[in-house]
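Participant: Between the sequences and the hints, there should be enough to build the whole structure, so can you do that?
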Amino acid sequence: MSGYGNTGIAPIFLQTAEQLVQRLSQDNTDKSRDFERRARAMVAIFQSWATAPPAPEARTASIHQLLDLQREVLDYFSARGREF
123 MSGYGNTGIA
133 PIFLQTAEQL
143 VQRLSQDNTD
153 KSRDFERRAR
163 AMVAIFQSWA
173 TAPPAPEART
183 ASIHQLLDLQ
193 REVLDYFSAR
203 GREF
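Quick note, our numbering runs 122 ahead of the 1-based positions in the sequence shown.
These are calculated hints, taken from the structure and not from any lab test.
Just so it is clear, CB atoms sit at the ideal spot from N, CA and C, and this is done for glycine as well.
A few of these clues could be false.
As the list claims (entries may be wrong) - Using C-beta positions, here's what the derived DEER-type ranges look like:
| id | residue 1 | residue 2 | range |
| --- | --- | --- | --- |
| 1 | A163 | F206 | 16 to 26 Å |
| 2 | D190 | N150 | 16 to 26 Å |
| 3 | Q144 | D197 | 16 to 26 Å |
Facilitator: Structure, rendered in structure tokens:
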């Protein structure tokens, strides 16, 4: 986990965001494209942590944002009767 400074578990957040992008890119709806855009923004944030660790408040906010997005995506797929 070298390169992530004091954000030792940052790679798991990056991986989660990348998985969201991958799955959402396979679902051709306006809502999925919006989710995908948001997930790509999260990927960029987590990638930046390797070279510039965030302030604790920014780190916490980003993690919460990712978890909220993941929950929205799972709810969206579930409501449509689709597996994530």
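Participant: Could you run down the list of hints and mark each one as holding or not?
Facilitator: Results of checking the hints against the structure:
no. : hint                    : result
1   : A163 - F206: 16 to 26 Å : holds (19 Å)
2   : D190 - N150: 16 to 26 Å : holds (23 Å)
3   : Q144 - D197: 16 to 26 Å : holds (19 Å)
Hint violations for this structure: none, all hints satisfied.
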